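Undergrad: Here is how the chains run, residue by residue.
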Amino acid sequence: MSEQPMTAPRRAAGTLVAVSAAILVTVILLAIGSPNPARALTSFFLGPFSNRFFFGNMIDTFGLLILVGLGVCAAFRAGVFNLGGEGQVYIAALTTAVVALSMPTAPAPIGILAATGAAVLVAALLAGLSGLFRWAWGTDELITSFLISAALVPTVNFLIVGPLRNPDSNLMTTVRVAEQFRFLRLLPPSTLNVSVGAAVLLAVLAHGFLFSTLRGYELRMTGLNREFARYGGVAVGAYTVLPMAVSGGFHGLAGAFFVLGTHHAAIEGFTAGLGWNGIAVALIGRNHPLLIIPAALVFAYLEAGSRVAGLQTEFTFELAAIIQAVIFFLITAEIVLPKLRRAHRERSAP
Amino acid sequence: MIDTPEPVLARMLVRMNDVSTWFPENQVLANDSVSLSIRSGEVHALVGENGAGKSTLMHVLSGYRPPTSGEIEIDGVAVRFTAPADAIARGVVMVHQHPPFVPFFRVWENLALGSEWTTRIGALDRTAALAEIRRTAEKYGIAVDPDARMDRLAASRLHFVAVLGALLRAPRLLILDEPTAPCTEPEVEQLFAALRMLAADGIAVVLITHKLKEVMQIADRVTVMRAGAVVATVDRRETTAAEIASMMLGEDCQVTELDRRILPSSPGGPPQSTLELRDVTVHAGDLPVLNRITLTATSGTILGVTGIRENGLEFLEEVLSGTIAPDSGTILLNGIPVARYTPRHFRRIGISYIPTDRILRGSSMDSSVAENLILLHRKGLQSGGLLRRKAVEQFAEKLKLRYDIAGPLHQPMRRLSGGNIQKVILSRELSGRRLVVVFSEPSWGLDIRSRNRVYEEMDALRSEGAVVILISADIDEILSMSDRIAVMFRGRIAAMLEANERTRERIGEFMLGVEREGAGV
Chain C
0 MSEQPMTAPR RAAGTLVAVS AAILVTVILL AIGSPNPARA LTSFFLGPFS
50 NRFFFGNMID TFGLLILVGL GVCAAFRAGV FNLGGEGQVY IAALTTAVVA
100 LSMPTAPAPI GILAATGAAV LVAALLAGLS GLFRWAWGTD ELITSFLISA
150 ALVPTVNFLI VGPLRNPDSN LMTTVRVAEQ FRFLRLLPPS TLNVSVGAAV
200 LLAVLAHGFL FSTLRGYELR MTGLNREFAR YGGVAVGAYT VLPMAVSGGF
250 HGLAGAFFVL GTHHAAIEGF TAGLGWNGIA VALIGRNHPL LIIPAALVFA
300 YLEAGSRVAG LQTEFTFELA AIIQAVIFFL ITAEIVLPKL RRAHRERSAP
Chain X
0 MIDTPEPVLA RMLVRMNDVS TWFPENQVLA NDSVSLSIRS GEVHALVGEN
50 GAGKSTLMHV LSGYRPPTSG EIEIDGVAVR FTAPADAIAR GVVMVHQHPP
100 FVPFFRVWEN LALGSEWTTR IGALDRTAAL AEIRRTAEKY GIAVDPDARM
150 DRLAASRLHF VAVLGALLRA PRLLILDEPT APCTEPEVEQ LFAALRMLAA
200 DGIAVVLITH KLKEVMQIAD RVTVMRAGAV VATVDRRETT AAEIASMMLG
250 EDCQVTELDR RILPSSPGGP PQSTLELRDV TVHAGDLPVL NRITLTATSG
300 TILGVTGIRE NGLEFLEEVL SGTIAPDSGT ILLNGIPVAR YTPRHFRRIG
350 ISYIPTDRIL RGSSMDSSVA ENLILLHRKG LQSGGLLRRK AVEQFAEKLK
400 LRYDIAGPLH QPMRRLSGGN IQKVILSREL SGRRLVVVFS EPSWGLDIRS
450 RNRVYEEMDA LRSEGAVVIL ISADIDEILS MSDRIAVMFR GRIAAMLEAN
500 ERTRERIGEF MLGVEREGAG V
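Protein chains in written order, with numbering that gives the first Met the number 0: chain C, 0 to 349; chain X, 0 to 520.
Derived by calculation from the structure, the hints in this document are not laboratory data.
Please read these numbers as outputs of a predicted model, since none were measured by experiment.
Note that beta-carbon positions come from the ideal geometry of N, C-alpha and C, so glycine has one too.
Heads up, a few of these hints could be off.
Unchecked claim - Cβ pair distances, simulated, as ranges:
(1) X:410 <-> C:45: 40 to 48 Å
(2) X:388 <-> C:45: 43 to 51 Å
(3) C:196 <-> X:150: 55 to 63 Å
The following block holds chain X by itself, in its conformation from the complex (with noise of 0.2 Å):
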């Protein structure tokens, strides 16, 4: 430690100047020139969207991270993390989201870890271990029994456990990555508590959350970042969630794009097919992440799905595709419910999938890219069993020109860029007539030629009469791609609007829970 803090007013302790992070493996600028300041004993909200780069941004404050360009000040010194331990001996101190713990240790021996609780000859010092956790706890009114066992405590207490260990190293700057994602709201009351005792005592507070009403219950300023750079850092009692939810999601939209979306819906009128869902529930533990989905999407017609992430998009995309069957409720194509919840029995009755995960489900990273385009077909390339190598080599040479696939049918998957994985997985979901296809975040990662190529094929569906279901979390895409939109907040449909009752702040609020609060959800 090199100086003691001066619990003294709000001085500047951390500036962050123009940090970029670039993530060499998957393409992808996860911050880009990132200046942020922050202050002792102030409470610092950092909120954005998943993927804005919040939690990256802290990993390099941190010492997780090196940042790929850009520096870290502190108290006015650049400083130079290459290791956690480096952030640690400065005060800096995070808390993942996710941390991890020895299950069947118990909690001191867990925050025993790294400490200096020794004897002197170096056995553990259970009883000081003990002593210093309970003033800790106490001090800041953490309910935590410091001799319980790690696995028999709840998911909320983790967090706590966590908190606890971090302010062990006596922190300048406390960052918690969504600490209150398994709590209940007199956890999260304590946990604030804590935090306002730890901001009066001069330590400084980071808190990534995506929920608004918490960000206006505890926060000083709000930095909120969109896409990987800072939009703006905001005094809350200048601001509303409205205003932070707006900013969140991006205000630079126009919204005139929903025009062509008011079509009259499948020309000629086809034989029309429906995807129905009815009182879907499906259950992760206890909870119910889908809770009595309704919904009905019709041949000619985009029906959008979106919502904030972890409120139960991704668990629809398993049961649209057959993944996971749900636990009560039916799935019904054209009025008759479908006999099995299997991919297989999904794709042979006509639902085509683009999945969320183009790697692990979409692809055969070590196959060939040939390979990869006849998955679907395989059987109409063979006879007798044999698989006529003429007739896979022109059936991936057609649909690698059709989509405009890059280098040899031959390299493996491993090889192509994610644009082009996306391409070879549409191509192949794609050809063929089928009557439901589901698009789950079609245009993560792709460059604008590869996303308005994506956006092309979704309307020749809808015209063609197939049912489309995009799921997406991008509100953008949602706002200029669907003819309806359901918004999800906790795996329940919060809104179904209409194409001419939707605004980006409208779709914002109640993705964020905005208009439910009170409401008891």
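Chain C with its partners taken away, still in its complex shape (with noise of 0.2 Å):
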């Protein structure tokens, strides 16, 4: 019952081109762009292997990033899109510090539990309604999403630095949550956590969700075709609404880990695009949840070698920046722009 893609292997050399013609823009931005390339270049391919300490970062935004990935993924393989993802991240990560800070003394997995628990609820409810207005109003949830997203920023940094600011720390920052709500670390000191291993088992559930049950079966013809589904009887606004507010929920779990694991505090600005790198994680990946998993890796990879890059040499923040940008653009245009030339095709023919 999986799908069979027509031009499975044409389409993973593609892929394939758009991520070596982005690695070699790398190589010669660090060459003109750095003082010293060789250095640059070594620290960039080779940092990230290079100590315990880089390596488990590079792990803990795997894990993440699959999150996010799936996250797109579960909206789009319905035929709806969640541009909506960065801001959820930021206000679960946010919900998560202030359910974990409202109950210090709480055991461990009542307060995790909560904590995530909350988080999840929040992002899904933000993106479910983007979903809601689309299946009410046919309001374009691409556009509410980015929208609410785009006002849950600042709401947050606000927040941040503001109300919830641990007054103690240099760092606009909220006070660290207690002891035992923070994961497991696996490679101190990086930051690496337990939470990867809850990441790349929910892609393996998300699969079998997908291709093996019922739902999953109505969830795709939706996406693949909504008349076809609502024809064949399917419920296609709850395939409208519900895969908007799980697709939040994923946003929600990453925002939840990134506190319990990773920082275990809200900062400012520390989700730093991690859901706009979901969807260059899903479109790597093709939307498909055991895909994303090698996707979050080689884009973990490509961001961990710019951010040790970046920190052992004169190697600057915004060449970082500028060699994500352009993964994520060759990447995208690789994937995206023949499907809108089909659709083009297919709307100007006779």
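Two independent chains are provided; combine them into the complex using the hints.
TA: Structure follows, in structure tokens:
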């Protein structure tokens, strides 16, 4: 019952070309943008493997990227688009911190469950709201999810630097959550923690859901041809609202893990594009839960490389940002453009 | 322009010789060795049912599409058009059925596109444009304000603007594709007056239409097309509307087939079901596209509903499948009004439906054949929410064998031919017990074998006691399959014919509204 993409080898080759092109552009940028190209290149490509700290952080990012990638995939498979991942991750992270801080003496399982559950719920409601608007009034969920998210980011910023700020810290951060809520670190001093296992497990479960269950079938049919699904008696309204909520839920989980596993507090701007990167990961992974795993790894590696290069050499933070943008651009262009072209051809056909 | 047209007697302007057009995308031969001649100064009506190949033929003549084979001569010289501009340069201008415009531009701005109304510095010359448009409009009595905004005009005026635009290109042959569709009676008169003036000036006019009344009113000669080929070209003064109608619809059909329909209905008398429409009305904009439709279909019979496309068949299909809700009126199954007008609810109460649009509605082209087959039976193939892989495969395999569906079940639907796609849809819709089955254009694009297969299934459903409704614009299909025939014209049931009172000619007349002429419809 798995899908049968017609030109799977060609599409895979396309992705490979895009990723290679991204790496090539990175090399060129490093070579011309850095005073010491050889050292920059080495730290970019080998840095992530040079010690436990860098390697562990990369794998930690990998887990988070899987979650946001699954979030994008959940909506996309049903034919809707959640463009608000960034804000959803951010507010979920704050929610986690707030709930955890409000019950500092609670036993670990209760505190973790409450904080994570609240984060997932908040993000799911926000994304689900966009799905609801789409279902009720046909409002474009792409726009509403983006706008809601865009409004959330400064709100969360305000809360972190204002009422919820830890007065004892120089950073713009909340107080750190209680010890017992923090996930077990696997490779100290890196931030890698047990949550990465949960992320991989969820990807496998999502795959099973999509391709082996009745609801997964209905969801995919809705995404592939809404008219066909409606004609077949599928409740397409539900498959507009719920996948958006589930998408938000995955982003919420990423936000919760980011606090309980990675940073132990909510810090201003700390999600830094995680939500956006989820779109890139889902696109590289063809919105296929199992392919999202290697896609997240590739993306985590490139990100870690630019981070390490930025720390170790004269390589500037801006250059790292440019490289990430180039990677994102090339990969999305390779995947999105042929689709647009095909859609255009089909529209203009007689 | 090669030469100036001499405003003289009817001389040959255009000759199309053995033109064939093949659409590889959907494997359709739209024009099959068509030969056609057009004289200067004549109004030449091109008639035929939708899909007869009229528009395609004229697209070829006006350079929008190259013919697959055959040639075009203008003034006795062979020409080859690769773009509409080539045809325009030779004086051949076509006005499309849905002419494209920029809505928030003014009329003259739309018409200025591609014209030479520019000042020395290249800016648009509004004064010159307005003057020339007014001159042409006045000459032919076409009432259009060139300074009006396009989106403020009524739909019928758009065509006038398009005709005006075509006239500004100094045509020797003007092709109009269904120009009167949105027009009121006086507007039609106005347009026809202009066409007569054009003809008097020696300009040839080709009028694509399926309104026979208009043909009899304006045409000098009439060419009838059917199934991609020319049936005949006749002089209007030597023919009648009825004769043209029978040429359009085909004369080769034997009415003897009717006999097989006059059978006792539903042997043994299983529980009777009825599907009833009461005063069902649907509006598109302000116009009623279904106007107080009242119909009853009973089990063990096939109710045929026919008409020329755009007379309501499409909307009847939508209403009968629950896709759209009627604005007023009711649908009753076994005397009980249906609770909700959604496809989901219609499915639940046992109404099955084979849609006209097999690609966008009937299939998920990017999914596998198996996934397409299980759509309606998905709930029976699961346990605890998991789709049972084995059960799915067995189910799909069973349908594949029974309906002779080609190719592996895991290949994407996109790879199947039109006939096989229809087989997938039929097998899905007909497996399991159904009270009512709505077939809409079930044999479009099918070869004879697949076609007969569909008809066998319909007969089987009929004898099983299902309510069968066949919506089809194909009069042969309607005649040979239906127990009773409803003919639609302009959103109404124009006639309800029982087995003993129907002939191809009668149906044809009702379809074309001939009998309703002067009846104030």
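Undergrad: Against this structure, judge whether each hint is valid.
TA: Evaluated hints:
Between residue 410 (chain X) and residue 45 (chain C), the C-beta spacing of about 45 Å keeps the proposed range 40 to 48 Å intact. Between residue 388 (chain X) and residue 45 (chain C) the beta carbon distance is about 45 Å. The supplied range of 43 to 51 Å therefore holds. For residue 196 (chain C) paired with residue 150 (chain X), a C-beta distance near 60 Å keeps the hint of 55 to 63 Å intact.
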